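> Each chain is listed here by its residues.
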Amino acid sequence: MSAWDTRRIRKNQRLARAASYVRSGVFESGDAVAVLESVLEPGDRVCVEGNNQKQADLLSRALASVDPERVHDLHLLISVLGRPEHIELFERGIASQVDFSFSGPQSLRLAQQVADGRVRIGAIHTYLELFARYFVDLTPDIALVAADEADASGNLYTGANTEETPTIVEATAFRNGVVIAQVNRIVDRVTRVDVPGDWVDLVVVADRPYEIEPLFTRDPEQIDDVQILMAMMVVRGIYERHRVRTLNHGIGFDTAAIELILPTYGERLGLRGEICTNWVLNPHPTLIPAIESGWVQSVHSFGGELGMERYVAARPDVFFTGRDGSLRSNRALSQNAGMYATDLFIGSTLQMDPDANSSTATLGRIAGFGGAPNLGNDPRGRRHPSQAWLEMTSSTHEIRRGRKIVVQLVETFRESGVPTFVEHLDAVALGRMAGFPIAPVMIYGDDVTHVVTEEGIAYLYKARDVDERRAALAAIAGVTPVGLLADSTRTQELRRDGVVAFPEDLGVVRGEAKRSLLAARSIRDLVTWSGGLYEPPKRFRSW
Amino acid sequence: MIETLTFTYPASAHVARRAHVGVVASGNCELLLEPSPEPSASVTVRTSVGGYATTWEAVLARFFARHSIAVRLEIDDFGATPAVVAMRLEQALEQAR
Amino acid sequence: MTPHIGDSYAERNARERARTLLDPGTFRELLDPFARMRSPYLAAQGVVSQSDDGVVVARGTLGGVRACVAATDGRFLGGAIGEIGGAKIAASLELARRDAERGTPTRVVLAFDSGGIRLQEANLGLLAIAEICDAVAALRTHQPVVAVIAGRVGVYGGMSIVTALCNEVIVTEGARVGLNGPDVVETEAGADEFDASNRPLVWKVTGGRRRFAQGHATALVADDMPDIRAAVEDAFVRNRPFVAIERPEFPDPGLEREAFLRAYGITP
Amino acid sequence: MSEEVSRGRAWFERFAAGGARADGLPASVLAADAPLDGLPVRWIAVVPAPQARFPRARSGEMGIDEAFGVAAAVRGVPPNSAIVALVDVPGQAFGIREEAIGLQRALAASVDAYVQARRSGHPVAALIVGKAISGAFLAHGMQAGWIGALDDPGVDVHVMSEPAVARVTRMQRGDLARIASEVPATARDIASFARLGAIDALFEVADPQAPTDEEYAALARALGAALRDGSGLRPPGERLNRPAAIQPRALARRVRDELAAGWDA
Numbered sequence: 209m210s211a212w213d214t215r216r217i218r219k220n221q222r223l224a225r226a227a228s229y230v231r232s233g234v235f236e237s238g239d240a241v242a243v244l245e246s247v248l249e250p251g252d253r254v255c256v257e258g259n260n261q262k263q264a265d266l267l268s269r270a271l272a273s274v275d276p277e278r279v280h281d282l283h284l285l286i287s288v289l290g291r292p293e294h295i296e297l298f299e300r301g302i303a304s305q306v307d308f309s310f311s312g313p314q315s316l317r318l319a320q321q322v323a324d325g326r327v328r329i330g331a332i333h334t335y336l337e338l339f340a341r342y343f344v345d346l347t348p349d350i351a352l353v354a355a356d357e358a359d360a361s362g363n364l365y366t367g368a369n370t371e372e373t374p375t376i377v378e379a380t381a382f383r384n385g386v387v388i389a390q391v392n393r394i395v396d397r398v399t400r401v402d403v404p405g406d407w408v409d410l411v412v413v414a415d416r417p418y419e420i421e422p423l424f425t426r427d428p429e430q431i432d433d434v435q436i437l438m439a440m441m442v443v444r445g446i447y448e449r450h451r452v453r454t455l456n457h458g459i460g461f462d463t464a465a466i467e468l469i470l471p472t473y474g475e476r477l478g479l480r481g482e483i484c485t486n487w488v489l490n491p492h493p494t495l496i497p498a499i500e501s502g503w504v505q506s507v508h509s510f511g512g513e514l515g516m517e518r519y520v521a522a523r524p525d526v527f528f529t530g531r532d533g534s535l536r537s538n539r540a541l542s543q544n545a546g547m548y549a550t551d552l553f554i555g556s557t558l559q560m561d562p563d564a565n566s567s568t569a570t571l572g573r574i575a576g577f578g579g580a581p582n583l584g585n586d587p588r589g590r591r592h593p594s595q596a597w598l599e600m601t602s603s604t605h606e607i608r609r610g611r612k613i614v615v616q617l618v619e620t621f622r623e624s625g626v627p628t629f630v631e632h633l634d635a636v637a638l639g640r641m642a643g644f645p646i647a648p649v650m651i652y653g654d655d656v657t658h659v660v661t662e663e664g665i666a667y668l669y670k671a672r673d674v675d676e677r678r679a680a681l682a683a684i685a686g687v688t689p690v691g692l693l694a695d696s697t698r699t700q701e702l703r704r705d706g707v708v709a710f711p712e713d714l715g716v717v718r719g720e721a722k723r724s725l726l727a728a729r730s731i732r733d734l735v736t737w738s739g740g741l742y743e744p745p746k747r748f749r750s751w
Numbered sequence: 003m004i005e006t007l008t009f010t011y012p013a014s015a016h017v018a019r020r021a022h023v024g025v026v027a028s029g030n031c032e033l034l035l036e037p038s039p040e041p042s043a044s045v046t047v048r049t050s051v052g053g054y055a056t057t058w059e060a061v062l063a064r065f066f067a068r069h070s071i072a073v074r075l076e077i078d079d080f081g082a083t084p085a086v087v088a089m090r091l092e093q094a095l096e097q098a099r
Numbered sequence: 003m004t005p006h007i008g009d010s011y012a013e014r015n016a017r018e019r020a021r022t023l024l025d026p027g028t029f030r031e032l033l034d035p036f037a038r039m040r041s042p043y044l045a046a047q048g049v050v051s052q053s054d055d056g057v058v059v060a061r062g063t064l065g066g067v068r069a070c071v072a073a074t075d076g077r078f079l080g081g082a083i084g085e086i087g088g089a090k091i092a093a094s095l096e097l098a099r100r101d102a103e104r105g106t107p108t109r110v111v112l113a114f115d116s117g118g119i120r121l122q123e124a125n126l127g128l129l130a131i132a133e134i135c136d137a138v139a140a141l142r143t144h145q146p147v148v149a150v151i152a153g154r155v156g157v158y159g160g161m162s163i164v165t166a167l168c169n170e171v172i173v174t175e176g177a178r179v180g181l182n183g184p185d186v187v188e189t190e191a192g193a194d195e196f197d198a199s200n201r202p203l204v205w206k207v208t209g210g211r212r213r214f215a216q217g218h219a220t221a222l223v224a225d226d227m228p229d230i231r232a233a234v235e236d237a238f239v240r241n242r243p244f245v246a247i248e249r250p251e252f253p254d255p256g257l258e259r260e261a262f263l264r265a266y267g268i269t270p
Numbered sequence: 037m038s039e040e041v042s043r044g045r046a047w048f049e050r051f052a053a054g055g056a057r058a059d060g061l062p063a064s065v066l067a068a069d070a071p072l073d074g075l076p077v078r079w080i081a082v083v084p085a086p087q088a089r090f091p092r093a094r095s096g097e098m099g100i101d102e103a104f105g106v107a108a109a110v111r112g113v114p115p116n117s118a119i120v121a122l123v124d125v126p127g128q129a130f131g132i133r134e135e136a137i138g139l140q141r142a143l144a145a146s147v148d149a150y151v152q153a154r155r156s157g158h159p160v161a162a163l164i165v166g167k168a169i170s171g172a173f174l175a176h177g178m179q180a181g182w183i184g185a186l187d188d189p190g191v192d193v194h195v196m197s198e199p200a201v202a203r204v205t206r207m208q209r210g211d212l213a214r215i216a217s218e219v220p221a222t223a224r225d226i227a228s229f230a231r232l233g234a235i236d237a238l239f240e241v242a243d244p245q246a247p248t249d250e251e252y253a254a255l256a257r258a259l260g261a262a263l264r265d266g267s268g269l270r271p272p273g274e275r276l277n278r279p280a281a282i283q284p285r286a287l288a289r290r291v292r293d294e295l296a297a298g299w300d301a
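Chains as they are written, first to last, in my numbering: chain W, 209 to 751; chain U, 3 to 99; chain L, 3 to 270; chain C, 37 to 301.
The hints are simulated quantities; they were obtained by calculation from the structure and are not laboratory data. Here the structure is a predicted model, which means the values were calculated and not measured. Glycine is no exception: its CB is placed at the ideal position from the N, C-alpha and C atoms. A hint or two may mislead.
Claimed, not checked - If the Cβ cut is set under 8 Å, some of the chain L residues that face chain W in the computed set are:
| id | residue |
| --- | --- |
| 1 | Thr4 |
| 2 | Pro5 |
| 3 | Asn15 |
| 4 | Ser199 |
| 5 | Arg201 |
| 6 | Pro202 |
| 7 | Pro243 |
| 8 | Val245 |
| 9 | Glu248 |
| 10 | Phe252 |
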């Protein structure tokens, strides 16, 4: 006879070991290290909630402080390796394996840890892919999550930043893992139930509110004429042309520029209600003027954005909000929505090769991808048609499918001497050096339908073959090594055939690309547009 | 240190007036463009970011291939990208016409 | 609903600020970029010069009266003053005084956006500031000297001293006026003294609203060209004499830093 | 030689010995009326005061109390008296209290006091005996019609203290020295400052704290002459016209000429 409930038995043993620190499901923040040392066993899979916004930082700091003699060889599961103590886990021998999505601020230190053999990377995932594996072959033994409030029953309220908490908790709780939540405060009655209490085992009140970054705030003051020119091209050459209504935007200044010219340039073109009506994106402050001007019907968000709480709560027709009025975000569902239900993704990259493969990896850094690859691909499981989706195919066959519009928006050079277009991505060498079986490509070239630079647009989906794709890309790659290979006669032909368009081909007047076209030119203007509801974080204030 | 580059391109078309655009600020550049009696465009670039003569040559060659204007052009650069330079060139031309 | 977004002064460059402060169509720049009065001192220090040395001097009229605007360009080296730019400002003030003595007054507006003295020209900048201070005080005996501080840099260092010598100082909420920039105080005295990354604190201490409440500025206006122009005209019409600067009331400086600030109405 | 006593105090005590001390000033501002060769003179110096109220202004910096103190000392100058600023100021005070109160106003008050005194007929001279840094020098010394200085390595004229320049520019001493040699305006030594035409007289002293009787006599003679011959009444702008300034300030002169020429189109 074999036992069928070993996971449950182990879970009960873990909680029993920590019992002396716990009263009614709650322990003190000062006991966090001791509780983790009691609950954890060497080799455990530990999922730490940490993404590019919300961080369970009390718990990650405690985890980095456990005795490596007692707790070692953990397998860390984490969306974003963003905090210094995440890397300390490897340095101190507490964790020896990691599966993750993104490591932005720690990418240099992570590469060093890999080189030193202190940690083995299982794989670099997209968010959705990592979450999916929590339910298949990477189910956590322990989950360390963060919330705003808990009540006596363990119900959690996560405010605007629900993000991935329900996903992590679900994967852990329903396979007899232990769920530990740090909360900012314990209340009699939670404002709203975002995670039901019987999915949560232990609660701790953090010594300070969880760490959160205003990652999606772009100060309009820093948007320049070149970005505005590119934004104008996108509006005319892509959104207007394909009647793009459902979409996702990246977090760059160039996409912020698009958001800010909708109420001016877009309005003049008579496109309100015709394009950009339904969005999947965080509450970008730069979207406020478009929302206020009646462009936006709905926005579903991966997470919240600091300072946007009151504004979002006052616009429940647009945002997904709870009964309490505040935003309900959900990273897994929003990634899914962005993948399957939007016609267009537009984002940026650091490097692009002649086949339009792109990567944000640079030598010496292991940065990962985040959500872009989920949004920036063509989901071949899609079955609902739309005008934009169907326009991406020229097939007239009785069996045909459309295609997601995937746009890469880049300047030909990042800094004066650093070209965006390169013969070979750094990712290739990086992958080889780190021993990855595949190079860490963010968006594969064959998923990319349009590339926009300050020179023009390459309509890659129209190219008849690989050679024409390369020629189209070279035609807009400026004076980069890739662009210098462009043949001007060929470029003229491509323009005539509509595979390449320069601003003048799109009716975009270069001289109009001025900051005066922005509906808001400062954070202050955004506050004005919001009627005082937007409360920008300190670092963005100039008053 | 400052690198000074000079370029000359054959040119025939004339511009009506001189033009001043841009600013010497990080990632930006200042352009002074004046009509020239010579049948050429002569360009002086002073830049605080050295080592990119071929990039400058390519940006300027493309511009003067499109607009064969007989001018004297001075560029003072503080690390402008080719995109910014190209945009300033277009703006200067627009002013000069 | 589209709210009223101001016709921003801060958004304009120095030349456009001068142009829009003057009556429409009257802007005439002196020593314009084509005069190529560049600083010869910068190249040796790896810094590219600018054709106007970061200072625009323009003649025109203001409210129909002869006028001159001297505007510094906060984007070029933070609007800091070197020999040429400093001389442009000093000369404008001296010429306006000559005009006043001749009975043909020229209104002067100092549209400053400047971090102070340009480190690359150090002592030449210092000499220029001393000359400008004297020239403001001398011109003031004939007519008001009006400063507009409404750019993104604000005024610091020697230029804040010059500003304090003007009869009228027009500020916006976004303006900053101080002797030492918060980053300089932080470098010299530590973040415990002044955390320059705490932007709300920076504005609470040095911002336009605070300076107006303290009486250091004579007008607080929205960052909207019509409002700023009206304030400038007002200042000349009002023609208020300069009020000698007296030691103000302030809390006991021996108080611990935070207590001092709180006692002074600043929540750190 | 002792640096226990600041240079400012040492020279103040030498020149103003036995003079009537002006009262109502903070401990860091010294002012006294003592004749120089029969000419009534108000001597003013700023000195370190370890017990000063402002914690960031105890080492001789120009802070709120110092600047308003100097302004009061200048405004209180007796009729027919000249003024001599003895300059040894390491810079302005760097503190949040100062910024909150508005140190620029305090410095402007003393600048204005000097300008008003000079323009109403009080000859003003400055003697740089030590450091003359930035806003502190602007507020105490630079409005003088005549500026003399000790020809001494301890005399330091600049817009920033030496360590601050190193921090801000992130440059090594060697690089700063090279730049100083190419651009004298960025040098700190008094000879370089004099090369800008900014100094009317340099004085050699063996001990910058304690001149010999001969050295003192030469200095007093020059100072007295400057206060009598009208030099002390010249505004800073006129410094440009002195022979020593013609070449080094040629650009500033040219700017003035060209602006004047184009002033009325």
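> Please go over all the hints and tell whether each is borne out by the structure.
Checked hints:
1. Thr4: 7 Å, holds
2. Pro5: Because about 5 Å separates L/Pro5 from the closest Cβ in chain W, which is inside the 8 Å limit, the hint holds.
3. Asn15: Violated. Min distance 11 Å.
4. Ser199: 7 Å, holds
5. Arg201: 5 Å, holds
6. Pro202: Interface hint status for L/Pro202: holds (5 Å vs cutoff 8 Å).
7. Pro243: For L/Pro243, the interface hint is violated, since the closest Cβ of chain W sits about 31 Å away, which is over 8 Å.
8. Val245: 27 Å, violated
9. Glu248: 28 Å, violated
10. Phe252: 23 Å, violated
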